[in-house]
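Colleague: These are the residues of each chain, in order.
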Amino acid sequence: MIARIGGGVLGAGRAARELWIVYVSTLAGVLRRGGARGELVRQLHAIGNKSLLFIVVTLGFIGMVMAYEACNQLGRITGDYSQVGGQFIRLIVSDFGPTLTAMMLATRVGAGIAAEIGSMKVTEQIDALRMSGVLPIDYLIVPRFLASMIMTLVLSVIGGLVMFGAGGLTAEHSFGVNPNVFYDFGQVRPRHLILMCIKGLAYGAAIPVVAGFCGLRARGSSEGVGWATTAAVIGGSFAVIVLDFVISAAALFLTGGDL
Amino acid sequence: MSVTSPAIRLADVAKRYGRREILAGISLEVAPGSRLGLIGPAASGKSVILKLVAGLEQADRGRVDVLGTELVGKREVELGRVRRRIGMLFQNYALFDFLTVERNVAFPLEQRGGMSAGDIATRVAERLRAVGLAGSEHKLTGELSGGMKKRVGIARATVADAELVLYDEPTAGLDPVTTQKIYDLLAADQARTKATVIAVSSDVVALASFVDEIAFLYQGKLIYRGPAATIADAPDPMVRQFVRGELEGPLEDVRTEAS
Amino acid sequence: MIGERLIVAVGAGASRIAQEVGGILILTGQVLRALVPPRIDRRELVKNLYKMGNRSVPIVALTAFFAGALMILQAGPFVKKFGATSLAGYASGYAVLREIGPILIALMFSGRVGANNTAELATMTVTEQLDGLRALAIDPVAFLVVPRVIAMMVMLVVLTALGDLVALLGAAVVARTMLEVDFSTMYYSIVDNLRPFDFLLGVYKSVAFGAAIAMSSCYFGVAVRGGAVGVGKAVNAAVVASAVSIMLLDFLLTYLVGG
Amino acid sequence: MTDTRTTAYVEFKGVEKGFAGKAVLKGMNLAVDKGEVMFIIGTSGVGKSVTIKHLIGLLRIDAGEIWFDGKRVDQLPERQLAPLRKRIGMVFQSSTLFDSMTLAENVALPLRKHQRLGWDASIEQARIRLAQVYMAEHADRYPAELSDGMRKRAAIARTLALEPEVVLFDEPTTGLDPVSARRIDRLIRELADKLGVTAIVVSHDPPSIFGIADRVAFLYRGIVHVVATPAELRGSPDPIVQQFIGGKSSGPMETPGF
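Protein chains in written order, with the working numbering: chain A, 1 to 259; chain B, 1001 to 1259; chain C, 2001 to 2259; chain D, 3001 to 3258.
Next comes chain A alone, as it looks inside the complex (with noise of 0.2 Å):
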């Protein structure tokens, strides 16, 4: 058991390590401006089009449920809901936008790309590259670790306001909530939104760089594909998660807790 567990950590160190790698090499590579020519742009339509109306959709029903539950649960204490909207778009912009719009993208665009490149590897496609003199982070990373950066804060902003319009809708449908009330943006800080930045590109350039990371450690043949995939799901909402809790306990450490 002690061994399982050693052996475990030990092998969690090793793959800590090789990520680290990977991503010193990815911004590297930026810095090489690697990737083939309009690669960039074909990525940001990979990531950011066939994304838009996912993120729309499941961000819509998180705002309607999470308005709905403030609420609800205010219903039980005070019953004065002038408060909700206001504090739910400081919570969106500094938090639940980016978070929420982060943990979807790492669940669609980290599997799409641990899926693509897991299959090149199995395939030995990596290896092809690599014959021709290709640097497979420079060529296949780099451009999807700066198109994820981009579309991440791009869709943390839309999917933060489909949350926000969802739920302003739902507050008025089943609390009778007035929308002049409820959209009160009055609440948001110039550092909330410097906090939105950070975590969208953040999360943006975590997911792809595992998700490659992932796909790039792909062996055997089908079923290194999946294990790819569900390896790059897992690491690339757990990083969120963590990357979240690290900024947002920073954040409130440097306000002095009044975020």
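Quick caveat, the hints were computed from the structure, so don't treat them as lab data. What you are looking at is a predicted structure, and each value in this text was computed from that prediction instead of being measured. Here a beta-carbon is modelled for each residue, glycine too, at the ideal position from N, C-alpha and C. Honestly, I wouldn't trust all of these hints.
Under 7 Å between C-beta atoms, here's a sample of chain D residues computed to sit facing chain C [what the hints assert, rightly or not]:
hint: 1; residue: Lys3086
hint: 2; residue: Arg3087
hint: 3; residue: Pro3110
Restricting the straight-line Cα-Cα distance to at most 25 Å, the calculated cross-link-like pairs of lysine to any residue (SDA-like) are [what the hints assert, rightly or not]:
hint: 4; chain 1: B; residue 1: Lys1139; chain 2: A; residue 2: Arg32
hint: 5; chain 1: D; residue 1: Lys3053; chain 2: D; residue 2: Asp3033
hint: 6; chain 1: B; residue 1: Lys1051; chain 2: A; residue 2: Glu18
hint: 7; chain 1: B; residue 1: Lys1139; chain 2: A; residue 2: Asp127
hint: 8; chain 1: D; residue 1: Lys3248; chain 2: B; residue 2: Ser1145
hint: 9; chain 1: B; residue 1: Lys1074; chain 2: A; residue 2: Arg32
hint: 10; chain 1: D; residue 1: Lys3071; chain 2: C; residue 2: Ala2137
hint: 11; chain 1: B; residue 1: Lys1149; chain 2: C; residue 2: Arg2225
hint: 12; chain 1: D; residue 1: Lys3248; chain 2: B; residue 2: Asp1212
hint: 13; chain 1: A; residue 1: Lys50; chain 2: C; residue 2: Arg2005
hint: 14; chain 1: D; residue 1: Lys3026; chain 2: D; residue 2: Ile3245
hint: 15; chain 1: B; residue 1: Lys1051; chain 2: D; residue 2: Glu3145
hint: 16; chain 1: A; residue 1: Lys50; chain 2: C; residue 2: Ala2223
hint: 17; chain 1: A; residue 1: Lys50; chain 2: B; residue 2: Lys1074
hint: 18; chain 1: D; residue 1: Lys3053; chain 2: C; residue 2: Ala2223
hint: 19; chain 1: A; residue 1: Lys50; chain 2: C; residue 2: Ile2024
hint: 20; chain 1: C; residue 1: Lys2047; chain 2: A; residue 2: Gly220
hint: 21; chain 1: B; residue 1: Lys1051; chain 2: A; residue 2: Arg217
hint: 22; chain 1: B; residue 1: Lys1149; chain 2: D; residue 2: Gly3251
hint: 23; chain 1: D; residue 1: Lys3022; chain 2: B; residue 2: Ser1145
hint: 24; chain 1: D; residue 1: Lys3053; chain 2: B; residue 2: Leu1144
hint: 25; chain 1: C; residue 1: Lys2047; chain 2: D; residue 2: Pro3237
hint: 26; chain 1: B; residue 1: Lys1051; chain 2: A; residue 2: Leu216
hint: 27; chain 1: A; residue 1: Lys50; chain 2: C; residue 2: Arg2225
hint: 28; chain 1: A; residue 1: Lys50; chain 2: C; residue 2: Ser2015
hint: 29; chain 1: D; residue 1: Lys3248; chain 2: B; residue 2: Gly1132
hint: 30; chain 1: D; residue 1: Lys3086; chain 2: D; residue 2: Arg3060
hint: 31; chain 1: C; residue 1: Lys2047; chain 2: D; residue 2: Gly3118
hint: 32; chain 1: C; residue 1: Lys2047; chain 2: D; residue 2: Lys3022
hint: 33; chain 1: D; residue 1: Lys3194; chain 2: B; residue 2: Leu1247
DEER-style ranges, computed between Cβ atoms [stated by the list, open to error]:
hint: 34; chain 1: C; residue 1: Tyr2050; chain 2: D; residue 2: Thr3007; range: 52 to 58 Å
hint: 35; chain 1: A; residue 1: Leu193; chain 2: B; residue 2: Arg1103; range: 39 to 45 Å
hint: 36; chain 1: B; residue 1: Thr1100; chain 2: A; residue 2: Leu53; range: 25 to 31 Å
hint: 37; chain 1: C; residue 1: Arg2055; chain 2: D; residue 2: Asp3069; range: 45 to 51 Å
hint: 38; chain 1: B; residue 1: Gly1146; chain 2: A; residue 2: Leu53; range: 53 to 59 Å
hint: 39; chain 1: A; residue 1: Leu169; chain 2: C; residue 2: Gly2053; range: 38 to 44 Å
hint: 40; chain 1: D; residue 1: Ser3049; chain 2: A; residue 2: Leu169; range: 54 to 60 Å
Here the structure of chain A is known, so what remains is to put chains B, C and D in place on it, guided by the hints.
Modeller: Coordinates of chains B, C and D only, in the frame set by chain A:
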């Protein structure tokens, strides 16, 4: 010993995957322009030797000297420069499924640089004609039959007139007539470029018609090496049993641990 | 022109989604028909229960802990501004038990177990193992799919219940360290304000989530097309379908049941 | 042309099958007698594997008839295929063993499912079957630890577990090294001689064809071009047959797989 230095020299090369030692001290030399076949039971390390020579894998021990450069310990970028002088046909084709037939064959030339778009286009067209695929330029590789994928792989492996060409099971699973048509293509190309060739195959009879010498690999060791024409009557009893497919003989059932 | 291409794309997308939903419903019918005279393979069921449980407990526990912690971080400013420390437990407990717990745990479960299940089934389909079963006159749905669906549904309910408790623990720990709210206040705040129904709502949701994840995971595994590339796409599609159905079901259940 | 009275044990009559608009089988006729080892040969991509999959309903034909033991089987609904599949077994090119089970558990699976044998009894039966294919000492190993040749023998043992009257082989020796291939050939021959099993073998491996076939059906351009014994085949004046046997790349033969 020929005056010119050997194109490839392996000195006491060892390679292990986890607990299993795949290659246990291989020493081998291949003269420029000559053609060597590698045969042996499944998972005897044949394909691993190709990957070591192509610099796609690192040896645990020994020296791998290819086209005048020592590969062991080199960084990926330096290996890239040597690999550009090597063509490789992978067992499961390794065609880029995101590129058309034409772009697949042009890829090595584009990455190597130093050629105008026009020259690349004419070179690719010539190669596709040589393998009988003129007219399929714009197809995606996913739509092709196994035989056609094999021929695109051959065109890509030979487009850059490499000094060394490596074939990994070029005719695996093909019937005798199709197999011979593939070997005709390989022989025609090798006659034109005088490149050094190493070919791995389990179809010994067809392979013997294409290569000058055949080496027999068994449990990680080079057991025999001799002229291809007389391989069926080789002095070594194990080689004779293997080539003739006799049931009784020194070869016992080979076990393979999952790598 | 753009508009036309967009319509075609949306049309194609819509028909693909309709086809997938149809496929999932057909498979659900087959599973239910296989359950009528319950001929479930006990060994497969036990094997899957163990495999899925053992594989997801660590990741679900960690996710739940962070979820709880995040809820407190969000409630933090409230508690600080209004000095309503007694509400901290209630605020975070409410959101965790009814919403964030079940959703995040289901998402992680879908990523960890759902994606892996799809990968396994897809690999078996691609390597003709399902045809192998049919050739042995064994119905693949009854032998492979039914035990996995039951195992996934049972496991998600158990994990959600356990996960909720771990989440509350996470909330209490962060409340103690970051907001100086001691454990007893948290305990009474939760016990006094929350009703058993809040906990049960989360469990009802996990039953629905379990069914949705299980059916989409198994469908995309069995309906895979193409080799290793197909496996990657199947896992990607399964994870996306699970995420969308989790959000949709959460919305429906919250509205219809969550009174 | 098709006579209703049929003496053959397995018969394909005017079978047609196409995939995505491309016709693969164009009116194929073939009769196989009981206890015979019949090879179906031809170049890659001519549709050999497709042919035998129709016999057990893994694929449905577009036109024509398939008869087994005097009854027509190509129209059986899925539910009624189970009894047929217990009488006709199939060994796939990729062996299709379950990686999560040992060899003994793999072979015991059909016994457990169909003969209501308890766990221990089915494992014990499985060991006997594995001994028949000289794999008894590997009964407790997992498929991933073994060579392709050994996995194939285990797959044959699993197919034999239900004691089928006919066994279909889909390219059993393709991709195997020469020694393993000849071991599989010997096994197939033993099935027919000792157990009286009818074997239908899809292959393009000359040593197998001329080693163990009683008769050979040469599939070319969607129809059975010729049916003959190996000796007749070797002496056949037909240039296409001669090109295939000689493995010559030049000649009139079309190779759709090239």
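Colleague: Which earlier hints turn out false for this structure, listed by number in ascending order?
Modeller: 2, 4, 17, 25, 32, 38
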